[in-house]
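The whole structure should be built from the sequences, with the hints applied where relevant.
Taken in order, these protein sequences are the chains called A and B. Quick note on numbering: my numbering labels position 288 of the first sequence as 288, and the sequence is numbered without any gaps. Quick note on numbering: my numbering labels position 305 of the second sequence as 305, and the sequence is numbered without any gaps.
Don't read these hints as lab results, they were simulated from the structure. A few of these clues could be false.
[To be verified] Okay, the calculated beta carbon distance ranges per label pair:
1. 180(A) x 278(B): 29 to 37 angstroms
2. 450(B) x 212(A): 25 to 33 angstroms
3. 111(B) x 170(A): 31 to 39 angstroms
Built from N, CA and C at the ideal position, the CB exists for glycine as well.
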Amino acid sequence: MADAIRTEQLSKRYGVTLALDRLELTVAAGEVYGYLGPNGAGKTTTIRLLLGLHRPTRGRGQLFGVDAWEDPVIAHRRIAYVAGEPFLWPSLTSAETFELLARLRGGTDTSYRDLLVARFALDVNKKIRALSKGNRQKVQLVAALATRADLLLLDEPTSGLDPLMEAAFRECINEAKGRGQTVFLSSHILSEVEALCDRVGILRAGRLVDEGTLSELRHLSAQTVEVTFDGPAPQLPELPGVQVRGAGANALRFEVAGPVGPLLAALGDQRVATLSSREPSLEEIFLHHYDASDGRVGS
Amino acid sequence: MGASAVRPLAGRAFADARIRTIAFAYLFAAVAYVNPVAYRHTYPTRAERLAFAHSFGTNKAVVLFYGKAYDLLTAGGYTAWRSGGTLAIFAAIFGLLAAVRALRTEEDAGRAELVLAGIAGRGIAYVASLVAIAAGTAVLWLAELTGLLIAGLPVGPSAYLALATVSVVPVFAGVGALVSQLAPTRRVALELGGAVVAIAFVLRVVADTSSLGWLRWVTPLGWVEELRPFTGEQPLVLALMGGASVLLLSAAAKIFAWRDVGSGLLSARDDAAPRLSLLGSPTALALRTERASLAVWAGSVGVFALIIGVISKSISAAGISEQLQRELAKVGVSAITTPKGYVGFAFIFFVLAISIFVCTQVAAARHDEAAQRLETLLAEPVSRRGWLRGRLALAGAAAVAIALVAGLLTWAGAAFQGVRLPFGRMLVAGLNCLPVALLFLGVAALAYAVVPRASAGIAYGSVTLGFLWQLFGSLLGAPKWLVDATPFAHVGLVPAAAFRPGPAAIMTAIGLAAAVAAITLFERRDLLGA
Numbered sequence: 001m002a003d004a005i006r007t008e009q010l011s012k013r014y015g016v017t018l019a020l021d022r023l024e025l026t027v028a029a030g031e032v033y034g035y036l037g038p039n040g041a042g043k044t045t046t047i048r049l050l051l052g053l054h055r056p057t058r059g060r061g062q063l064f065g066v067d068a069w070e071d072p073v074i075a076h077r078r079i080a081y082v083a084g085e086p087f088l089w090p091s092l093t094s095a096e097t098f099e100l101l102a103r104l105r106g107g108t109d110t111s112y113r114d115l116l117v118a119r120f121a122l123d124v125n126k127k128i129r130a131l132s133k134g135n136r137q138k139v140q141l142v143a144a145l146a147t148r149a150d151l152l153l154l155d156e157p158t159s160g161l162d163p164l165m166e167a168a169f170r171e172c173i174n175e176a177k178g179r180g181q182t183v184f185l186s187s188h189i190l191s192e193v194e195a196l197c198d199r200v201g202i203l204r205a206g207r208l209v210d211e212g213t214l215s216e217l218r219h220l221s222a223q224t225v226e227v228t229f230d231g232p233a234p235q236l237p238e239l240p241g242v243q244v245r246g247a248g249a250n251a252l253r254f255e256v257a258g259p260v261g262p263l264l265a266a267l268g269d270q271r272v273a274t275l276s277s278r279e280p281s282l283e284e285i286f287l288h289h290y291d292a293s294d295g296r297v298g299s
Numbered sequence: 001m002g003a004s005a006v007r008p009l010a011g012r013a014f015a016d017a018r019i020r021t022i023a024f025a026y027l028f029a030a031v032a033y034v035n036p037v038a039y040r041h042t043y044p045t046r047a048e049r050l051a052f053a054h055s056f057g058t059n060k061a062v063v064l065f066y067g068k069a070y071d072l073l074t075a076g077g078y079t080a081w082r083s084g085g086t087l088a089i090f091a092a093i094f095g096l097l098a099a100v101r102a103l104r105t106e107e108d109a110g111r112a113e114l115v116l117a118g119i120a121g122r123g124i125a126y127v128a129s130l131v132a133i134a135a136g137t138a139v140l141w142l143a144e145l146t147g148l149l150i151a152g153l154p155v156g157p158s159a160y161l162a163l164a165t166v167s168v169v170p171v172f173a174g175v176g177a178l179v180s181q182l183a184p185t186r187r188v189a190l191e192l193g194g195a196v197v198a199i200a201f202v203l204r205v206v207a208d209t210s211s212l213g214w215l216r217w218v219t220p221l222g223w224v225e226e227l228r229p230f231t232g233e234q235p236l237v238l239a240l241m242g243g244a245s246v247l248l249l250s251a252a253a254k255i256f257a258w259r260d261v262g263s264g265l266l267s268a269r270d271d272a273a274p275r276l277s278l279l280g281s282p283t284a285l286a287l288r289t290e291r292a293s294l295a296v297w298a299g300s301v302g303v304f305a306l307i308i309g310v311i312s313k314s315i316s317a318a319g320i321s322e323q324l325q326r327e328l329a330k331v332g333v334s335a336i337t338t339p340k341g342y343v344g345f346a347f348i349f350f351v352l353a354i355s356i357f358v359c360t361q362v363a364a365a366r367h368d369e370a371a372q373r374l375e376t377l378l379a380e381p382v383s384r385r386g387w388l389r390g391r392l393a394l395a396g397a398a399a400v401a402i403a404l405v406a407g408l409l410t411w412a413g414a415a416f417q418g419v420r421l422p423f424g425r426m427l428v429a430g431l432n433c434l435p436v437a438l439l440f441l442g443v444a445a446l447a448y449a450v451v452p453r454a455s456a457g458i459a460y461g462s463v464t465l466g467f468l469w470q471l472f473g474s475l476l477g478a479p480k481w482l483v484d485a486t487p488f489a490h491v492g493l494v495p496a497a498a499f500r501p502g503p504a505a506i507m508t509a510i511g512l513a514a515a516v517a518a519i520t521l522f523e524r525r526d527l528l529g530a
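Here it is in structure tokens:
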């Protein structure tokens, strides 16, 4: 079976801006893939290229083995798309929008759609022009999820949603995963990706700078050790791979890349009151990539 | 507070409108220049001018389009008649477009909210919009004056004529401001305002061509005639323009001050039971979203056709000298002296109207792309080729319907007055509008495929230029091949003249070829937001 998404050297240049630089991406069928990057990193460009809405400057992308630039109709039959901004027809109601999108693709799961409408608390007889951005986003989401398409391409789907709806969204994605659908989730909300995704790619200025499962990504990054002392924090000798950051009068925080042993040995003869260690959050991994390369994002 | 915001806001609005302002300024300068020059060229002697004045100035066919003539013995009087009447219509359109752009489009796009969230209150934002429109009006006045002066007309009366022409801008800016308060979207505002301009024009036509001359005092376009530039100025009439502008603009300001930003007074209900017709394909959807606009076009063309038919009864050859008829032949209005000839001549305006209509359809398609709804549509299993082909076919089919309405209702109007025009010929007269319209449809589609952001300007611009060249090119004594460079020159004006199958076939073929090229090229480019 073909991969849900596969790109080779996929690149896009707009005038002088290189928006996407030789992207090599593979998303297997059934996977939930988190596509992370700050604003302007090239996430939306990637999706537009995959959909064949924009033309690659070089390279190519395929959805289930079909190049959407060459053959959009066939490629789009197996996917559903949620755009970053809900661009719909202002004079149609939600119900009419659902009907339009369903007829265009030749069918949808209407009973699941009714369930989703209830879950997202949508009034389907309201015209799109009267809806808030969050509600328009819900219309898009319901229409896309109800298709039960093999691949869901979601471009920052939760922007504008309140926390309750965000929870409903996560429930839907887990259901989709349970049914074996593939989900490509572009986002800059790290907690969402952390909670939902099997694999994560980090995009920076048009290049994929890191990719892997969360545990793979964690191994590459430092873990954090926080120590409090009885009395003032001591002066410790320099240790390879350990960075010290002050965390108050009686406490120290360490970023440890590699084994923790040398740090524990050094702490052995100090008056340690508490010690906690934790793996880096996705946020820290993410910031690490931005910190290290150009210092644009500091913590 | 916030008065300091007037300057940057007005500057922004003026800069936003620059392309339209420049295009209109060129038009005003060109028409102002061409008329006196053409007049001296075509009627060099007093005898010729007398003959012309006796027949032409009272010819209803001509009065219909240019308005009432007061003095045709001088270049100034001729110019006031020929360009004043035409340019006043353009000035009205300019005022409408400028006001809707500043007061509704900004709100439609959500930018007004941003401005009003700043230090600028509604009053300040409104004043800034008016300042920008006033600046644009001044540019038009200057452009027309320049054209008149270069053509050798005296300064004082020229300045007054230019003032008379642009004096309707604030009135129709007032109309634009008011419909912007009423309509919930730019599209609806433009359609409402367009209907007002059309009514003002029809009232002037009726006033100038019937015994109901007093109607001239009802329409701002009639007031322009009553200002009588070059022919016994009546500057007091300007008070009417002033009064109407103040009334309309302050009414609009009042509404703007208390209504919710982002809505219009006429906002349709926001709840509706689902109507599931016309949702089955992109083309069906386009018909659904465009049908109101199609109805407005068909209705306006129909009303105008009816008037032409009714008026055609009063056309006769009496009083037109043979020499003058030869001159008229030169400008392509040879057989204007019979009802049939007159109707044929009038159909050149339907050719124009339907050409503009097809451009609005391509502009609507572009608007769908700019608003990024097209992205939502094309992410479904829908081919680009099929989408654009459907949009163009819809435009073509609607053009056929409007053309038939023109032929049918002209026939009906004439029949109502007892003038028997051959029914079949009148349907042909309607369909005869299509080759030029299809040509421009192809041109507009090609512009859309290649340079989407500039496409509306290119489409409307080429139609306007082609038409003006048809009106004025021959008067300038340009060589025949150059005069014939406009598609409008190749229409056999049925029923006055024979249908010309050759040019019709060639123009249709060019239009179709351009459309096919457009579909192919559109498939190869990126979708482009606003």
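Cβ distance range 25 to 33 angstroms for residue 450(B) and residue 212(A), holds or violated: Given a distance of about 44 angstroms, which is not inside 25 to 33 angstroms, the answer is violated.
Residue 111(B) versus residue 170(A) beta-carbon gap, inside 31 to 39 angstroms or not: holds, 34 angstroms
C-beta pair residue 180(A), residue 278(B): status relative to the range 29 to 37 angstroms that was hinted: Check passed, 36 angstroms falls within 29 to 37 angstroms.
In summary, the one numbered hint that this structure violates is 2.
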